[in-house]
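Enquirer: As they're listed, the protein sequences go chains A and B. Note that the first sequence covers residues 1 to 519 in the numbering used here. Note that the second sequence covers residues 520 to 1038 in the numbering used here.
Source of the hints: derived by calculation from the structure; they are not laboratory data. Every value quoted in this text rests on a predicted model; they were computed, and no experiment measured them. Glycine included, C-beta positions come from ideal geometry on N, C-alpha and C. Hints should not be assumed to be uniformly reliable.
Said to hold, decoys possible - Here are some chain A residues the structure puts well away from chain B; computed CB gaps all over 10 Å:
| no. | residue |
| --- | --- |
| 1 | D93 |
| 2 | A96 |
| 3 | L207 |
| 4 | P500 |
What the hints assert, rightly or not - Computed footprint of chain A on chain B; a stretch qualifies when at least three of its residues, placed anywhere within it, have a C-beta under 8 Å from a C-beta of chain A:
| no. | region |
| --- | --- |
| 5 | 796-808 |
| 6 | 939-946 |
| 7 | 1020-1028 |
There are 2 protein chains.
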Amino acid sequence: MVDVSEAHWSTKRWAEAIEARLTEGAAGDPLVNIRRGDTREFDALFLGGGAGGRFGAAYLRAMGGRPLIIDRWPFLGGSCPHHACVPHHVFSDVAAQLMLERTFSGKLWFQDLRGKTVSMLDIVEMFRRGRTGPHAFMNYQSAEQLELEFVLGQPGRLLDARSVAVGEQVYRARNLVLATGARARPLPSIADGIGGVFNYATLVDALNYEPGPTAIVVGSGKTAIEYACFFNATGRKTFVVSRQPPLALLPDAETRRFLIARMEEQGIEFVNPAEVVSCEDDASGRIRGVTLSGSQGPRRIATDFLFLGLGERPNSEEAHAVLGVDLDDDGSVRVDDRMRTSVPGVYAVGDLVGRPMEMFKARKGGTCAARNIMGEDARYQPRDYPDFLHTHYEVCWLGLGEEQARERYSNVVVMKLPPDNPDGHTVALPAGDRVMLYAMMKPELSGFQKLVIDGDSRRILGAFHVGYGAKDGFQYLAPMVRNGLTVDELGEMDELFLNPSYFIQLCRLRAGSRTLRSL
Amino acid sequence: MVDVSEAHWSTKRWAEAIEARLTEGAAGDPLVNIRRGDTREFDALFLGGGAGGRFGAAYLRAMGGRPLIIDRWPFLGGSCPHHACVPHHVFSDVAAQLMLERTFSGKLWFQDLRGKTVSMLDIVEMFRRGRTGPHAFMNYQSAEQLELEFVLGQPGRLLDARSVAVGEQVYRARNLVLATGARARPLPSIADGIGGVFNYATLVDALNYEPGPTAIVVGSGKTAIEYACFFNATGRKTFVVSRQPPLALLPDAETRRFLIARMEEQGIEFVNPAEVVSCEDDASGRIRGVTLSGSQGPRRIATDFLFLGLGERPNSEEAHAVLGVDLDDDGSVRVDDRMRTSVPGVYAVGDLVGRPMEMFKARKGGTCAARNIMGEDARYQPRDYPDFLHTHYEVCWLGLGEEQARERYSNVVVMKLPPDNPDGHTVALPAGDRVMLYAMMKPELSGFQKLVIDGDSRRILGAFHVGYGAKDGFQYLAPMVRNGLTVDELGEMDELFLNPSYFIQLCRLRAGSRTLRSL
Chain A
1 MVDVSEAHWS TKRWAEAIEA RLTEGAAGDP LVNIRRGDTR EFDALFLGGG
51 AGGRFGAAYL RAMGGRPLII DRWPFLGGSC PHHACVPHHV FSDVAAQLML
101 ERTFSGKLWF QDLRGKTVSM LDIVEMFRRG RTGPHAFMNY QSAEQLELEF
151 VLGQPGRLLD ARSVAVGEQV YRARNLVLAT GARARPLPSI ADGIGGVFNY
201 ATLVDALNYE PGPTAIVVGS GKTAIEYACF FNATGRKTFV VSRQPPLALL
251 PDAETRRFLI ARMEEQGIEF VNPAEVVSCE DDASGRIRGV TLSGSQGPRR
301 IATDFLFLGL GERPNSEEAH AVLGVDLDDD GSVRVDDRMR TSVPGVYAVG
351 DLVGRPMEMF KARKGGTCAA RNIMGEDARY QPRDYPDFLH THYEVCWLGL
401 GEEQARERYS NVVVMKLPPD NPDGHTVALP AGDRVMLYAM MKPELSGFQK
451 LVIDGDSRRI LGAFHVGYGA KDGFQYLAPM VRNGLTVDEL GEMDELFLNP
501 SYFIQLCRLR AGSRTLRSL
Chain B
520 MVDVSEAHWS TKRWAEAIEA RLTEGAAGDP LVNIRRGDTR EFDALFLGGG
570 AGGRFGAAYL RAMGGRPLII DRWPFLGGSC PHHACVPHHV FSDVAAQLML
620 ERTFSGKLWF QDLRGKTVSM LDIVEMFRRG RTGPHAFMNY QSAEQLELEF
670 VLGQPGRLLD ARSVAVGEQV YRARNLVLAT GARARPLPSI ADGIGGVFNY
720 ATLVDALNYE PGPTAIVVGS GKTAIEYACF FNATGRKTFV VSRQPPLALL
770 PDAETRRFLI ARMEEQGIEF VNPAEVVSCE DDASGRIRGV TLSGSQGPRR
820 IATDFLFLGL GERPNSEEAH AVLGVDLDDD GSVRVDDRMR TSVPGVYAVG
870 DLVGRPMEMF KARKGGTCAA RNIMGEDARY QPRDYPDFLH THYEVCWLGL
920 GEEQARERYS NVVVMKLPPD NPDGHTVALP AGDRVMLYAM MKPELSGFQK
970 LVIDGDSRRI LGAFHVGYGA KDGFQYLAPM VRNGLTVDEL GEMDELFLNP
1020 SYFIQLCRLR AGSRTLRSL
């Protein structure tokens, strides 16, 4: 082991240590940051230092407790900076940038990308090199600013409800917090052992060739759509194959239609309902084609690149086998609203406890577990949260879609941009940062946004935004909407024009009216 | 005149009419949208259909009143879509995009822009062509959705406190709302009659040559900085000459330092305290150089392009001369918190009433005037509002800077990214949409953000963000901060990770502690 408890490494030093361990694979000695001389018992072992484990440990430490994090990776932060949120955002940024450059190819100062394919391998390798920076910062912040203790770089083995072994060393605590995350679901049996088949994790870890002109994505949820847009933006013909129509998680039909139309314009082909029934490989074992079955009959598509966006399975097997924690049908560890599993003293948080597999749920679950361990009666159940995904755009939403609202309310009012009008989407609004060139030269690409309102109570029921720069706003809007935010209150706020979401000003334009009308 | 009251023009038809009038100059007949058959007296004439006039009229109409807007331009929306917010956002979007492309020149798929100058004239002309779209939409929305009546395309002349003439036609109403805006201040006497000297309005209207390799900007406020970054991003050596240090309006020294360092890295040279004491012109009458005086002695800089960002002067002369409304020392029309001038029945709103010359103030002032005219006792004074500007980045802030907070509170806590650390800004955080490539390849460019907190009450005192995508969030954060938002409440919200502002998660990391510490 490498004792770093008094080393006070800088982010640069951490980056070197992490880099060495990631390139050596699992061979490095564990990095141990445990305060010598502190003889107190640990209040909790956090098995897994991702979003839930790290935030839970930080909160417990802030409350005066003593946590220990154990993680197989040589860095804290978990899958997010290594495989998930961070690369996803890098690739979505690339997709947005490439859509812009392709749209204006040869205009103004833009290079001509028409018909050109951009290297995916270069972009993946750029991320692979760049991710060490965020990893290093997580370790630095955790050690130096949050004063966390941790053992990194070797897997922890569950011994019992109070003990985890790392190699020969056994760590014990009053409580155990399971935070072992989830992993991508495979395509059962069909693609086993065939090369060129990736998920979000293996793409960034294992891609070692330049994919050809066609990419096939299986799935219809966030990951499938987000990666499909990235592959498409690099210039590859991209098929999205799914049983369900895409974007079903986005509860507003008009917003879905806008997004799907824009993706199709960029050249994405949606094939559904359909599924992959067989894969062929070439002499080297790499995929060379798939056969789909679907409502249109069987179809073969040649490709050397298949991406699976089929959701995730919680990493719950060891906890179930060793500790006997109860699982739900989907394999997630069952917890109550205090994050307690069926085994006393054992908590579970994050992707391990199932949906929504989102950052805020992991982190807030971690703090909820910490508070309970420290003697508070804290409760947490994710509800009424805002959500987002990326296409080539950033897409944010909260609350009810128009159809849902009309089922529950008799006087639904809608305010949107562009409005229904004889020229359709050829209106240069909404316009905001990052879409100004679209607004000026290609207005139908400048975005879409919509507020769904109960005309009787004047309360906001739902909000939808396609564009860029609204994600932060949706975070802060959500609790206000939950507390009954009205059109009149929203119209009283101070907009920072040109703001990405035009919600404030749209509300103000109608707020003078006792009988709200759509806009 | 052209009677459009029953024409129901589409945005496309409006665009054609506006385009024709803008290219003909003032020659077109006025576009008159007054409902024939409606014999009611007008409740208010809005002289000027920009932000204040249009929103005021829309609100008054929504309340059941009858407004009439008169504007010299053939479109509603005022200077914002024609000269101000919209082109500014176009140029700032260009600056952000070009900084990105220059930073990664020759890497990944990026073209090599090193040493290359991009045409400013092309970009200005692109905006000049594109602005008709937003203009057309404003007219469409105002006529078809907001049911506003208006007379556009010819200047209104004030006759008395109830009457405005357009050509031979006189319009009367119970009240008058002055909304005639402001205009850029000139450089007194020094640059009179010299070509190649621009302000934000004349740049987009009159630029007709490709500026050479050097741009000089005079001023230190928002407009000066924003346009300087645009000129710089096109590849021109850009000097910012001012009496005051730049960005004094941004109340946090560390945020200012971060921004100025980044602008200097991009090649902007700040010269202050200094001023332009003379301009030379060439045989064609265009500027060819300026002489500066300053603390470093006199200095001559050769240039064919001078931009003035010296603030604005309210267009109050006619109202003062004809109606006798009282003015403040800066030329703005004096109003009370009901938007009433010194002349009964005459209101004034927008840039005409002085600072802050911001969109929300104009629009909210307009609605406040409308409500008073319709018999309500409504009050409005802008206070505690969020603010923003652009460099190559989007910069948002609200509340107190760190120094201001330390003057007033004894226990100020700061949470920021990147934190103070041995490697400085080489930390790949904050990272969010539109900075992901920086975070991976050039982390010191990924941004800066800071929360200023009263450690005793745990309330947020100020927030600062340099990056992209936080503008919407600051709109919604502002009223919560005004109402006493605490670290604990902020830490309970649901972040949409990777969110541009890391405020929620930073707060959560510390919220467990009774004694708040900086982060």
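Enquirer: Checking each numbered hint in turn, tell me which of them this model violates, lowest number first.
Expert: Hints 1, 2, 4, 5 are the ones this structure does not satisfy, whereas the remaining hints hold.
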